[in-house]
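Each step along the sequence shown adds one to the number in this note's numbering, with nothing skipped, and position 33 is 230.
Hints listed in this document are in silico derivations from the structure and should not be mistaken for laboratory results.
Accuracy of the hints is not assured; some may be wrong.
What the hints assert, rightly or not - Within a straight-line C-alpha distance of at most 20 Å, the following computed DMTMM-like cross-link-like pairs (lysine to aspartate or glutamate) qualify:
no., residue 1, residue 2
1, Lys273, Asp420
2, Lys687, Glu313
3, Lys273, Asp493
4, Lys273, Glu425
5, Lys273, Glu459
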Amino acid sequence: MLLLAEAHLSGPDYFMLIGYFVLMLCIGAYFYRHMHGIKDYFSGGNNIPWWLSGVSFYMSSFSVFAFVSYSALAYKYGWLPVTLLWVTVPATVFSVLLFARRWRRARIDSPVEYLETRYSAAFRQLVAWQGIPVKMVDDALKLVAIGTFISVSLGLPMGQSMFWSGLVILVYTFMGGLWAVTVTDFIQFVVMAVAVLLLVPLALHRLGGADEWTRIMPGGVADFFTAEYNAVYLILLIGLYCVAWSSVNWPLIQRYYCVANEREAIKVGWLVTFLNLIGPPLMFLPAIAAQYFLGDVPGKEVYPRLCISLLPAGVLGLVIAAMFAATMSMLSSDYNVCAGVLTNDVYRRLFRPDASQKQLVLVGRAMTLVVGGFALGAAMLMSTLTGEGLFKAMVTLFGVVTAPVGVPMILGLLSRRVTNLAALVGWFVGIVVGLALLKWCPAKVLFEYPLADGEKLFSLALEKEVALFGATLAVSLLTTLLVTLLVPMKADDRRRIEAFHQRLATPIGELPEDQMSGSAGFSPFKIVGISIFCIGLMLLAILPWVGDWDLAFGLTLGFGLALLVIGAIMTVMTRRADTTPAA
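Model the full assembly from the supplied sequences, consistent with the hints where possible.
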């Protein structure tokens, strides 16, 4: 992203960036007074609309890495990165068909809460204590990534870049809980969508217009694959996403149980499926078209060169804000869900089971500071490592823990036969095998390549991640099933498991506790509408610097006016939404 720094951002660019950050903080402040209980803070009072939760799910599933690295692949291979990201479509369908209803009917306030009623208190604590450090280290890596991006694009020192970006994310998450996270995710989605939809027509126009469209369209199915990324590899990658998105990716699970009922949870999944289907082609069409007008450039420079080449003043700042948005969504979601596990599964379960709702909100906010503060501190230390070391750590974390944790979580929701002992043994054996493979797996050649060879590093990272997942999945699953078959289930375990699955079979609204939703039951239309209106105003404000009446000017004007109208309509709809019962 050094090229963005060399582009010498102008006043309108900084105006867009500052306005974007101020808007995020204002949203957090708006929701501060609405957080009255633990359900409000970590589950949105089970009143978050499906469209808000679905967009938040989508925004929490990728970061700035997708734009930079996948654009490099698109520049060289064409439609391949679209294929790689389309693996999320069957993974989302898998999660919505099998788990969306179950996660909502589990009636939980954290992703690991159900493990105690399904398996044991020990297994619940094991997954919580193992998952929290992994998440916080992963968040630190994301902070390093966004700090690097800010540093090279704005010319700020690395430490300041991480500190101020991390502070903004932490403050609005601290103040507004899950409501603030989902609403800011939606606004970040709007910013990203505007940036992407600006680049697509500008890139096609530079290519030569509609007459040249066929040059970049795929000629057949073969254009979506390469010899390296073949069908077998993609099937394994789909399996990895299916497990991760349905069990171990806590923020995504949270989006299923924060809505009103199981029907809303299913709508969340189908919305995400749709966004995952249309998103990749739109994101990477500019990079595919750039093959014909950028010339011979290094892969890692494709996306910044596109932005510098095509975007006028002010709009470039919007695109940088969109890059922030992609990573900020992941971080704010992680902060909230990790704080929820620490508050609900550790503090309330082990220390203060009779804590008041007010106290739990205070503890939740304190835990948010702990999670965000630890991630920021770790990021400061990690910033001294090489980029290669960070990449290795990220691949290692995800590859080792996904299957051993995901297998018992998934089987616990689907099967009545898997025992607590089987879950514990399967988890332990999977982790041991994963750690052993890190030492002896032939894919360790990954770390012998310099970071400068970014394409090879990316390729081998995906190979190693999939290899680790495949091996640990097979071992964890076989071990769990074997212990289940060999060791009889105790009578107490059988009664507990039957009671849990009976709960999963009971629709929302038929148990007394279903009437005890959080108090934050209000319409988000007003704050979302006002925020979208503000983004529209910001776009119109930079028009004098965009240039003459060309395509860029027309697109900026059009998007600005469209956002003004949409924002105004949503604000007017607030009273109607407040009085309309949930579907």
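Now for the hints, and whether the structure bears them out:
1. Lys273 - Asp420: Between lysine 273 and aspartate 420 the Cα gap is close to 12 Å, so the pair holds against 20 Å.
2. Lys687 - Glu313: holds, 16 Å
3. Lys273 - Asp493: This hinted pair holds, its Cα atoms lying about 10 Å apart.
4. Lys273 - Glu425: holds, 14 Å
5. Lys273 - Glu459: violated, 43 Å
Of the numbered hints listed earlier, the single one contradicted by the structure is hint 5.
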